[in-house]
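These protein sequence lines are chains A and B, in that order. If you want our numbering, it's the position in the first sequence, counting the first as 1, plus 17. If you want our numbering, it's the position in the second sequence, counting the first as 1, plus 168.
It is worth saying that the hints were derived from the structure and are not from the lab. Please note that a few of the clues may not be correct.
Stated by the list, open to error - DEER-style ranges, computed between Cβ atoms:
1) M47(A) with G209(B): 15 to 25 angstroms
2) P435(A) with H208(B): 30 to 40 angstroms
3) G386(A) with S197(B): 51 to 61 angstroms
4) T419(A) with D471(B): 55 to 65 angstroms
5) K317(A) with Q615(B): 37 to 47 angstroms
6) M47(A) with K340(B): 25 to 35 angstroms
7) I183(A) with R458(B): 27 to 37 angstroms
Claimed, not checked - BS3-like mimics (lysine-lysine), calculated; alpha carbons at most 30 angstroms apart, straight line:
8) K347(B) with K139(A)
9) K347(B) with K463(A)
10) K196(B) with K29(A)
11) K347(B) with K64(A)
12) K161(A) with K320(B)
13) K320(B) with K139(A)
14) K56(A) with K29(A)
15) K463(A) with K320(B)
16) K196(B) with K163(A)
17) K205(B) with K127(A)
Yeah, the Cβ is synthetic: ideal placement off N, Cα and C, and Gly gets one too.
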Amino acid sequence: MSELDYSKLGLKCGIEIHQQLETQHKLFCMCRSRFSEAKPSLEVARKLRVVAGETGEIDIAALGEVAKGVEFVYRVYPEESCLIELDEEPPGNMNSEALDIVLTVAEMLKCEVPEEIHVMRKTVLDGSNTSGFQRTSVAGLRGKMKTSFGEVGIENICLEEESCQIMGRDGNRVFYGLDRLGIPLVEIGTSPDIRTPEQAREVAEMLGMIVRSTEKVKRGLGTIRQDVNVSIEGGARVEIKGAQELRMIPKFVENEALRQASLIEIKKDLHKAGFKPVKPKVVHVSHIFKDSESKITKDKTTYAILVPDFAGYLKRQITPTRTLGNEVANYVRAKSEMKGIIHSDEELEKYKLTKDFEKLRHEMKAGHGDTLIIAVGEEKAVEKTMAIVAERINQLVVGVPTEVRKALDTGETEYMRPLPGAARLYPETDVPPIRITHARLAAIRKNLPELLEDKGKRITLNLTEKLQIKDGASVKKLKISDEILKQIIKSGKHKLFEKLIDDGYDPKIVSTILISTLPYLKRSGVAVEKLEEHHFSEILNKLKDGKLAKEAIPDVLKAIAKEPELSAEQAIRKTKIIELTIEDLKLIIIKTLDKNSELIGDERGEKILLGLVMQQVRGKIDTTVVMSELRIAINKHKESK
Amino acid sequence: MYSHEIQKILDHGKISVGDRILVEKGSKSYEGLLMPKTSHGDEKTVLVKLDSGYNIGIDITDANISRSHIREPKDVADEAKYEFGRTSKELLEIAFDANKPHVALISTGGTIASRVDYRTGGVYAVENPKELLHNIPELSHIVNLEMFSPMKKMSEDLDPEDWQHLAREVAKELNAGKKGVIITHGTDTLHYTAAALSFFLQNLHKPVVLVGAQRSSDRGSSDAGMNLICAAHVAVSDIAEVGTCMHGSTSDDYCHFIRGTKVRKMHTTRRDAFRPINEPALAKIYHSGRVEILNKNYRKRDDKKHVEVDAKIEPEVALLKVYPGADPKVIDFHVKNGVKGFVIEGTGMGHVPTDVAKKPWTLAIGKHAETIPFVITSQTIFGRVNPYVYTNLRKLFTEAKAIPGEDMTSETAYVKLMWVLGKTKSMEKIREMMLTSYAGEITPRTQADAFSAEGLNE
Numbered sequence: 018m019s020e021l022d023y024s025k026l027g028l029k030c031g032i033e034i035h036q037q038l039e040t041q042h043k044l045f046c047m048c049r050s051r052f053s054e055a056k057p058s059l060e061v062a063r064k065l066r067v068v069a070g071e072t073g074e075i076d077i078a079a080l081g082e083v084a085k086g087v088e089f090v091y092r093v094y095p096e097e098s099c100l101i102e103l104d105e106e107p108p109g110n111m112n113s114e115a116l117d118i119v120l121t122v123a124e125m126l127k128c129e130v131p132e133e134i135h136v137m138r139k140t141v142l143d144g145s146n147t148s149g150f151q152r153t154s155v156a157g158l159r160g161k162m163k164t165s166f167g168e169v170g171i172e173n174i175c176l177e178e179e180s181c182q183i184m185g186r187d188g189n190r191v192f193y194g195l196d197r198l199g200i201p202l203v204e205i206g207t208s209p210d211i212r213t214p215e216q217a218r219e220v221a222e223m224l225g226m227i228v229r230s231t232e233k234v235k236r237g238l239g240t241i242r243q244d245v246n247v248s249i250e251g252g253a254r255v256e257i258k259g260a261q262e263l264r265m266i267p268k269f270v271e272n273e274a275l276r277q278a279s280l281i282e283i284k285k286d287l288h289k290a291g292f293k294p295v296k297p298k299v300v301h302v303s304h305i306f307k308d309s310e311s312k313i314t315k316d317k318t319t320y321a322i323l324v325p326d327f328a329g330y331l332k333r334q335i336t337p338t339r340t341l342g343n344e345v346a347n348y349v350r351a352k353s354e355m356k357g358i359i360h361s362d363e364e365l366e367k368y369k370l371t372k373d374f375e376k377l378r379h380e381m382k383a384g385h386g387d388t389l390i391i392a393v394g395e396e397k398a399v400e401k402t403m404a405i406v407a408e409r410i411n412q413l414v415v416g417v418p419t420e421v422r423k424a425l426d427t428g429e430t431e432y433m434r435p436l437p438g439a440a441r442l443y444p445e446t447d448v449p450p451i452r453i454t455h456a457r458l459a460a461i462r463k464n465l466p467e468l469l470e471d472k473g474k475r476i477t478l479n480l481t482e483k484l485q486i487k488d489g490a491s492v493k494k495l496k497i498s499d500e501i502l503k504q505i506i507k508s509g510k511h512k513l514f515e516k517l518i519d520d521g522y523d524p525k526i527v528s529t530i531l532i533s534t535l536p537y538l539k540r541s542g543v544a545v546e547k548l549e550e551h552h553f554s555e556i557l558n559k560l561k562d563g564k565l566a567k568e569a570i571p572d573v574l575k576a577i578a579k580e581p582e583l584s585a586e587q588a589i590r591k592t593k594i595i596e597l598t599i600e601d602l603k604l605i606i607i608k609t610l611d612k613n614s615e616l617i618g619d620e621r622g623e624k625i626l627l628g629l630v631m632q633q634v635r636g637k638i639d640t641t642v643v644m645s646e647l648r649i650a651i652n653k654h655k656e657s658k
Numbered sequence: 169m170y171s172h173e174i175q176k177i178l179d180h181g182k183i184s185v186g187d188r189i190l191v192e193k194g195s196k197s198y199e200g201l202l203m204p205k206t207s208h209g210d211e212k213t214v215l216v217k218l219d220s221g222y223n224i225g226i227d228i229t230d231a232n233i234s235r236s237h238i239r240e241p242k243d244v245a246d247e248a249k250y251e252f253g254r255t256s257k258e259l260l261e262i263a264f265d266a267n268k269p270h271v272a273l274i275s276t277g278g279t280i281a282s283r284v285d286y287r288t289g290g291v292y293a294v295e296n297p298k299e300l301l302h303n304i305p306e307l308s309h310i311v312n313l314e315m316f317s318p319m320k321k322m323s324e325d326l327d328p329e330d331w332q333h334l335a336r337e338v339a340k341e342l343n344a345g346k347k348g349v350i351i352t353h354g355t356d357t358l359h360y361t362a363a364a365l366s367f368f369l370q371n372l373h374k375p376v377v378l379v380g381a382q383r384s385s386d387r388g389s390s391d392a393g394m395n396l397i398c399a400a401h402v403a404v405s406d407i408a409e410v411g412t413c414m415h416g417s418t419s420d421d422y423c424h425f426i427r428g429t430k431v432r433k434m435h436t437t438r439r440d441a442f443r444p445i446n447e448p449a450l451a452k453i454y455h456s457g458r459v460e461i462l463n464k465n466y467r468k469r470d471d472k473k474h475v476e477v478d479a480k481i482e483p484e485v486a487l488l489k490v491y492p493g494a495d496p497k498v499i500d501f502h503v504k505n506g507v508k509g510f511v512i513e514g515t516g517m518g519h520v521p522t523d524v525a526k527k528p529w530t531l532a533i534g535k536h537a538e539t540i541p542f543v544i545t546s547q548t549i550f551g552r553v554n555p556y557v558y559t560n561l562r563k564l565f566t567e568a569k570a571i572p573g574e575d576m577t578s579e580t581a582y583v584k585l586m587w588v589l590g591k592t593k594s595m596e597k598i599r600e601m602m603l604t605s606y607a608g609e610i611t612p613r614t615q616a617d618a619f620s621a622e623g624l625n626e
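Chain A on its own, in the form it takes in the complex:
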């Protein structure tokens, strides 16, 4: 498919971000608002029941897990959960620290703040809330933000409670951690004013930057989540949940626009062909597959349905990597226990089913314009599956279904559940409403934080000045690259950086530690947040005095992070870095040269020699020392020849 013209397609897109706030306590109780590092002290098993409205209607979005009779097991962490998370006590008053943060965000986005805030209950029956609902309140309305593509409206800013984190599944049991439940969360939803995939990324990035500017939001994996709403002209609103990475957002929008365009195209073709909705009449066909060469169907109970005049559609490409057949199979997996279906539009040879399908075609009196679909399993289960298949195929004639789709790492999405209706909101009468006084808002307006973007510029300017190498009167050059400076500011470690270079440490070494060593250590599970300024100074001093090799810094930091009371000296000893004396080094070099004397003489060979020496001494002595000693030794070697 060629490049899409988004204005022609009528692309409309909205972004919703969810960001956890950094507060002392949770939103409705006095529990610590953080992830627990402890082991759970208790497990509580619950079931949720589907609650029918007065008229017997049930919110379709609500069903999901409950309809499957799933048991939810909640892990209790004593510091981070209490009877309120367990749904054994009504909520307390709303955390005003959290409300102030959200009001700040609302003001930054030029929203109207309601004079009285009311907490609502949003029905959620996937077990992620012990109560069966999520508490949420709107604290900002009708704001706006500027993007490089034009203004984008802010529809709602909500303060809500975070749900439990899913920790695993075991058959019919789903495990949840109660520590995350009730952590305050700000939700910002834009109007569908976004017109291009790239703008969607920009909006998500800007919103993230704005909430981080309060410096009162949690950082790290999973603390921010983005959902993207996408529709095109003639399509329907589709919500894409769980886009973790900003750079993937344009891909999701692009693929969804494509998917909707393809579905509209298919709809048109079906109309033209006069396609009639199909009835899922299931036929028992096990006998055809009795001697099947395919393991899938051999000696299994197999059922088939016939879809007249549908040949070719299921192999149509609706996104770059997915066919309509993939899409239908995806619905089957999401809505039933069935793993999948096989249809006559597929490459049947790969299942060794070509012959069997020919027999099937004959038996079911199917023409070449018809599609055959089979599934293996119990009659009841297959009937359910085929009903889902027929429902999805018949939906093609109506158009794009409005639904929630899950973001996949590949940039594709797959069906998750129907889009919930607004019926899910009703008042939380256990929490009194909060009057927002003029004085409170005035104080917030007066103290609006500086945008990280502006702050970044200011810090850059300041650091640039410090890092300039005065070369003559006018030449300005930084001691580190622009790119590295940007990364330091983005990492939020600029204050530490500034302090350390003010103290005279080498900006290059300091920046390497801050923007590459620390993230590396963090990824490998080291508690780097325990490292303080004095730890860095001590280590840098040891380095300066030649008591520590650059290469050993990560190990020493790791040791200190584990036991922050250690001095650099103790940490170095603890990491068992046996420092090499120059004499030892010389010995190693001589031995290596003797063994590999053929390498001496050309540049490449000498590089290999350095590598060989380094293998033996890495982390035990500074590389520059190794290099200079090696140079001396090589020269001597040459001279002696």
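Since the structure of chain A is provided, determine the placement of chain B on it from the hints.
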């Protein structure tokens, strides 16, 4: 209810709750449905449900409120029908199986019979008990239920007369051939009603199961469903006792069926608030119908027998609690006002302040010893009252002639004293009856596991 001032503005604009309104305020305007005022919140605000589903409060000072002329979006309108109760369709009939045991469900009110109006958040009593069952279709696999609702009260509003009324209804159902009776009831005073029915229903040989809920049945996490399902299993079991059936732990794993005279609400909010006092629960009841007997001391079902109602009571009984510094003048006050008997919740083994204290209760009690019964229970809740161990106990029980309430809970002793006073005025007979167990209210011996370390925190 809105303040008089706001109501006047609304009346003037012919606006009522549920109407779509437009509130204009300076350059801002808000549209949505006018919600009823919640019990808390600022007096000057009106509550509006926006099309997003969120409610906000708007200060009406300097605002102009009018009916909106813009039609509400279709999905919002559909919801209004769904939620406002105006078009309440006939509930789907649950198809009960006539071959299942016939059981009566008597709904009295309380959280278990409460429903939140999804639109307003207001809590209402369920009008039709079937609505309750609508969410619990499993019941139809266990019992063939017949439902009615003689009263709709939160349990804190129940009077002793309501216990009598209820006893007669239960007897009527059982004698008409029902296998058992389930009573849905608010939880706060559930154990008083349970005790009352235990004394009132004489010659009982079928199960009478009281059920409440700590989480209202409009939420997915409600305990009402499992409690009712387990209650239905008890109602058709052979445990012919009055008792309560509610969560046995904080998980949704099993319920405890606890004798009506030995049960007490021991937590304000937890699902497993109801605990047996001084004896194990009668049985553990699982969702699946498995009944695990924990206490063999129960009457067996005998469907041929007839239950008799013996509900005459003397309602003028007071339940008092002593504490350091408590003034016994309160006794004279009550006596002057016609109180005919007292249950006094003493400290420890049943102590009250004696003549050593500045305000001696022993003397105040002794003064009425010949005419008014004083039954002593303990505020330790668990354990038995003892009349002899200490000199001070002897002052109360020997000199002042108070009646030791054995291991009865204060609440059970209170109900029992009403019932006993309904039968006799003889002080001797009263003492004898208070010390005789009629409905398992006094256990002759207390098993060690009736108060294990896990007893309160299983």
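Verification of the hints:
In this structure the supplied range 15 to 25 angstroms holds for M47(A) paired with G209(B), their Cβ-Cβ distance being about 24 angstroms. Checked against the hint of 30 to 40 angstroms, the pair P435(A) and H208(B) passes, with Cβ atoms roughly 35 angstroms apart. For G386(A) and S197(B), the hinted distance range of 51 to 61 angstroms is satisfied, since their beta carbons lie about 57 angstroms from each other. Roughly 57 angstroms separates the CB atoms of T419(A) and D471(B), a value that falls within the hinted 55 to 65 angstroms.
Evaluation of the 37 to 47 angstroms hint for K317(A) and Q615(B) yields a failure: the beta carbon distance comes to about 58 angstroms. Between M47(A) and K340(B) the C-beta distance comes to about 50 angstroms, which lies outside the given range of 25 to 35 angstroms. In this structure, I183(A) and R458(B) meet the distance hint of 27 to 37 angstroms, their C-beta atoms being roughly 30 angstroms apart. This hinted pair does not check out: K347(B) and K139(A) have alpha carbons roughly 41 angstroms apart, beyond 30 angstroms.
With a C-alpha separation of about 71 angstroms, the suggested pairing of K347(B) with K463(A) is violated against the 30 angstroms cut-off. The straight-line distance between the Cα atoms of K196(B) and K29(A) is roughly 26 angstroms, inside the 30 angstroms bound, and the hint therefore holds. Distance restraint check for K347(B) and K64(A): the Cα-Cα separation of roughly 29 angstroms lies within the 30 angstroms cut-off, and the hinted pair is therefore satisfied. Using a Cα cut-off of 30 angstroms, the hinted pair K161(A) and K320(B) is violated, with the two alpha carbons roughly 51 angstroms apart.
Pair hint K320(B) plus K139(A) holds up; C-alpha atoms about 28 angstroms apart against a cutoff of 30 angstroms. Straight-line distance between C-alpha atoms of K56(A) and K29(A) comes to about 46 angstroms, which puts the hinted pair past the 30 angstroms bound. Among the hinted pairs, K463(A) with K320(B) is inconsistent with the structure: their alpha-carbon atoms are about 53 angstroms apart, more than 30 angstroms. Distance hint between K196(B) and K163(A) is fulfilled; the C-alpha atoms sit about 21 angstroms from each other, no more than 30 angstroms.
The straight-line distance between the Cα atoms of K205(B) and K127(A) is roughly 29 angstroms, inside the 30 angstroms bound, and the hint therefore holds.
Against the hints set out earlier in the document, violations occur for numbers 5, 6, 8, 9, 12, 14, 15.
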